[in-house]
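Chemist: Numbering (this note's numbering), first residue to last: 1 to 308.
If you are wondering where the hints come from, they were derived from the structure by calculation, not from laboratory data.
Among the hints, erroneous ones may be present.
Said to hold, decoys possible - Once the Cα atoms are required to be at most 30 Å apart in a straight line, the calculated DSSO-like pairs of lysine-lysine come out as:
| # | residue 1 | residue 2 |
| --- | --- | --- |
| 1 | Lys169 | Lys156 |
| 2 | Lys277 | Lys156 |
| 3 | Lys277 | Lys308 |
Being a predicted model, the structure only gives us computed values, none of them experimental.
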Amino acid sequence: MTASPEPPPSRKKLDTDELIAILVAFGSIGTIFFWAIGQSDSGFDLSSMSGGLIPRPAPVPSPLTTIAPRANPSITAVPAPQATLSPSPEVFTSDPVTSVVPVPLPAQPFSTPAPSPDVIAFSDVPPTYWAAPYIIALTQRGVLGGFPGGTFQPDKPVTRAEFAGIVSKAFDQAPTQPSLQFEDIAPTYWANAAIEKSVQTGFMNGYPGEVFRPDQPILLSQLQVALITGLNLPTPANPEQVVGKYADAQEVPKWAVDKVAAAIESGLVTNYPDSNKLNPNRSATRADAAALVYEALAKQGKVKQIQK
Numbered sequence: 001m002t003a004s005p006e007p008p009p010s011r012k013k014l015d016t017d018e019l020i021a022i023l024v025a026f027g028s029i030g031t032i033f034f035w036a037i038g039q040s041d042s043g044f045d046l047s048s049m050s051g052g053l054i055p056r057p058a059p060v061p062s063p064l065t066t067i068a069p070r071a072n073p074s075i076t077a078v079p080a081p082q083a084t085l086s087p088s089p090e091v092f093t094s095d096p097v098t099s100v101v102p103v104p105l106p107a108q109p110f111s112t113p114a115p116s117p118d119v120i121a122f123s124d125v126p127p128t129y130w131a132a133p134y135i136i137a138l139t140q141r142g143v144l145g146g147f148p149g150g151t152f153q154p155d156k157p158v159t160r161a162e163f164a165g166i167v168s169k170a171f172d173q174a175p176t177q178p179s180l181q182f183e184d185i186a187p188t189y190w191a192n193a194a195i196e197k198s199v200q201t202g203f204m205n206g207y208p209g210e211v212f213r214p215d216q217p218i219l220l221s222q223l224q225v226a227l228i229t230g231l232n233l234p235t236p237a238n239p240e241q242v243v244g245k246y247a248d249a250q251e252v253p254k255w256a257v258d259k260v261a262a263a264i265e266s267g268l269v270t271n272y273p274d275s276n277k278l279n280p281n282r283s284a285t286r287a288d289a290a291a292l293v294y295e296a297l298a299k300q301g302k303v304k305q306i307q308k
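Take these sequences, add in the hints, and give me the full structure.
Modeler: Shown next, in the form of structure tokens:
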């Protein structure tokens, strides 16, 4: 009798967990399969799997290494359009500025030397001396100077060179005459510059033969003529009558009558010691020069009048 075959074993039904595990397994296998197909050109690299089956070490950045991108000749780089910047005006707001109005300084009416505050006294010029106020005033202004030992020597005759130095310091007249070269004035002469200035401003002049005679004492009438000419003071209409009031009017040189008359009218007369005489041919002293130069400055309004 023939034995009958064993019945096939009955299949066990899968529970829910087993079904999920099978699905996950098939899903992973399918993912690996499709990833392997996509990497066919670059080779199979398990380290790039998304699941991270083989951990890749983290790269250590190096600040000194610059990795240049691999150029692809098939790709043409298109430059990005640059933005056009439109200039925008800047508005500056400044703080309000208070305007300052300059205050004009008072104009100096005189250019003659200013008086020194120091009291100047000379042993040979007492306060009672007739020309003491003139001498002290001009010495304080730097127009006159004394001698070693504290003297002024007021009665000493003044030379033409010395008078040229006095007028060049006292007055600021503009040059009106050409410069002259004198045979007896060397370029190194101590009063060369003063003589040149006195000639250019019209106070002084030379003698025939192109000489100046710097060491010659200046006469009182010559001193008056020099001041009237340099200051361009007017001549009176009747000069002979003006000069004729004095006892020695006939001693006034003919060429000097008009200028001496102008000096009388302008108060440029000393008359010391006799107020009735002009003494036109007397050598002018340092005191005479001080008195007449000061009176000329007062005539211009540059100094105060001294009461005689």
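Chemist: State for each hint whether it applies.
Modeler: Right, here's what the structure says about each hint:
1. Lys169 x Lys156: 20 Å, holds
2. Lys277 x Lys156: 20 Å, holds
3. Lys277 x Lys308: 17 Å, holds
The structure meets every hint from the earlier list without exception.
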